[in-house]
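Colleague: Read top to bottom, the protein sequences are chains A and B.
The numbering used here puts the first residue of the first sequence at 1, with every later residue one more than the last.
The numbering used here puts the first residue of the second sequence at 1, with every later residue one more than the last.
Treat the hints with care, as some may be off.
Label-pair ranges, simulated between beta-carbon atoms [what the hints assert, rightly or not]: (1) THR91/A with GLU117/B: 53 to 61 angstroms; (2) MET338/B with ASP32/A: 49 to 57 angstroms; (3) ALA143/B with THR91/A: 29 to 37 angstroms.
These are computed hints drawn from the structure, not numbers from a lab.
Positions of the beta carbon are idealized from the N, C-alpha and C atoms, including for glycine.
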Amino acid sequence: MSTNTNFLLAIEDLTVSFDGFKAIEGLNFYVDSNELRVVIGPNGAGKTTLLDLICGKTKATDGSIKFKNKELTKLPEHRIVWEGVGRKFQTPSVYEALTVYENLEVSYPKGKSVFGSLFFKNTAEVDGKIREIAESIFLTDLLDRPADELSHGQKQWLEIGMLLIQDPELLMLDEPVAGMSVSEREKTAELLNRISKGRSVIVIEHDMDFVKEIASKVTVMHQGNVLAEGDMETVQSDPRVIEVYLGH
Amino acid sequence: MNNFLSLIAEKRGLPGVLILALVLLVLFPLTMDINNLNLAGRFLAFAFVAVGIALSWGYGGMLSLGQGVFFGIGGYAMAMFLKLEASDPESTAAQTTPGIPDFMDWNQITSLPWFWEPFHSFTFTVLAILIVPTIVAALIGFALFTRRVTGVFFAIITQALVTIATILIVGQQGFTGGANGITDLRTLMGWDIRTDDALFTLYYISAVLLIGCVILGLWLLSTKYGSILTALRDREDRIRFSGYNVAYFKVFIFAVSAMMSGIGGAMFTLQVGFMSPSLIGIIPSIEFVIFAAVGGRLSLVGAVYGALIVGYAKVMFAEAYPELWLFLIGSVFIAVVMFAPYGLAGLYDKYARPHIQRFMREKGWLKDGASPTLPSASTEAK
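With the sequences and hints as input, model every part of the structure.
Modeller: Now the structure itself:
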């Protein structure tokens with residue numbers, strides 16, 4: 001199998017096939033510590049599938065995903081979260097029946113077992129952390145509102161907050177600005193730049209202006225594999241990328 | 001303890017529990033004769049199951065159509081103890097083999113089966129009533145939830161289990177009393193359970209235990225566990241990525257609801273004096289769900305009222321038109337699901353509570369704009 005690396009996340013020869021269709025085939029992908037990586041690519045390129053594989057939602061057919069040199073492909077979803085991988089889904093996935101506060105409390109990384117959660121105490125430390133996160137995701141005034149009363153953009157922020165409170169070393173965001181207004185988009189870009197300090201972030205995004213605003217390094221995916229990698233300008237001038245994606 | 005009570009009060013459940021306690025412990029005993037009180041006591045035995053269903057279905061999203069299994073385990077465990085006590089060698093002297101239950105003798109069984117032996121002990125019986133349903137539910141839950149069996153598939157499997165249980169009981173007549181069940185139960189450690197005084201006491205024990213179960217349920221819902229339960233009901237796929245092993249959280253509440261059902265079964269046996277497979281089959285199991293649905297599946301207190309109301313309706317209607325009862329109760333279930341998904345508790349919230357609130361405000365009992373006003377009945381979660 002693959003050897004240990006200095007990368008935070010090292011994916012090697014990753015393949016997943018759905019009834020013979022290979023959504024990802026022989027993919028190699030590395031992310032450094034403290035790196036903000038944007039993954040772009042046309043529809044069906046396998047971007048979301050890649051995140052699904054890393055966070056355990058989809059099981060790999062072959063290959064390895066190493067996070068801090070620990071193999072993730074055999075771990076169940078919640079254990080991958082415990083290792084320090086957070087995932088935001090494409091459509092905002094928050095707990096609508098709970099308040100904003102409870103959404104963050106449920107996401108707080110203590111009391112993760114059944115009995116741990118029964119005897120979980122909301123201490124001043126927990127409360128402070130929840131309020132701090134709420135502040136950073138612009139939701140302080142809405143802490144007591146049920147999450148289903150939030151706007152689409154606010155739900156997106158809440159879900160990001162639910163990940164932040166777990167303080168993951170790797171944060172994966174699937175189209176975080178989809179469906180957001182211009183002002184929400186600006187705030188999100190600022191939020192992303194803020195939260196990417198001290199951790200690695202993988203962002204899938206379609207919006208090229210937004211990508212330019214946040215990206216240092218871009219990976220272009222096409223047909224289940226990496227087509228090009230580099231900074232935005234290099235990638236944009238790569239003729240293969242222009243051919244499959246940007247040119248159209 | 002203070003902490004415990006304040007937790008419940010904060011969760012808006014306490015006023016509802018107090019009213020329920022008043023109804024069950026004061027109003028009913030004062031206004032009913034012993035026959036009616038005993039009838040109410042039987043409905044309260046069913047209410048244990050309904051409260052469990054409100055927890056596991058209403059809050060946890062697991063619709064079990066097989067709670068009769070757990071009701072039956074509790075009921076049969078109690079019946080076995082009582083039957084052994086009723087089958088002492090003197091009163092069974094006329095049998096071929098004296099000292100064993102009469103139905104065994106009729107089935108040419110000549111010695112007590114091994115699994116009946118421990119039921120000579122009352123301590124063992126009580127532990128069995130509490131622990132066996134819990135363990136059985138935990139095993140079923142573990143097998144199904146770790147394989148991510150959910151929704152209608154879970155409902156069908158639980159329904160199949162209750163069918164298996166009744167077929168087994170009916171088929172093994174010599175060991176279980178078969179379709180007749182275990183009958184002719186008389187005394188509990190020498191205490192005649194058929195007298196009016198005993199029925200009165202048993203009613204109170206049922207009511208107190210039931211209120212205890214409601215409080216236990218409200219406490220569970222008030223903890224972080226309760227929030228997680230609601231979260232996993234709505235977004236099971238998401239809660240895994242908040243770092244929870246979903247299967248264990250579901251197993252736990254399913255086991256709790258099974259334990260409550262077992263207590264209900266035992267209290268039923270004590271108050272009625274028999275236990276039979278007709279009380280635990282598919283139809284009773286679905287009726288248990290209807291109790292919770294009518295009362296309001298997000299209301300533990302509502303589940304108790306649901307059991308009482310549907311129970312009385314059944315007695316009144318089914319005695320006059322027994323063949324129509326199943327159609328009526330089926331239509332009620334459909335109507336509740338379609339028009340009042342949160343049951344009576346939901347209707348109270350929508351129509352009665354605003355008026356009561358306004359009235360209390362006019363009388364100055366309630367401060368204007370005070371946000372935690374009257375408790376919501378249709379949801380007891382935070």
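Colleague: Each hint should be assessed against the structure and marked as holding or not.
Modeller: So, going through the hints one by one against the coordinates:
1. Look at THR91/A against GLU117/B: about 58 angstroms separates their beta carbons, and that is inside 53 to 61 angstroms.
2. Range check, MET338/B to ASP32/A: about 56 angstroms between beta-carbon atoms, so the 49 to 57 angstroms window is met.
3. Separated by about 32 angstroms at the C-beta atoms, ALA143/B and THR91/A satisfy the suggested range of 29 to 37 angstroms.
Checked against the numbered hints given earlier, this structure breaks none of them.
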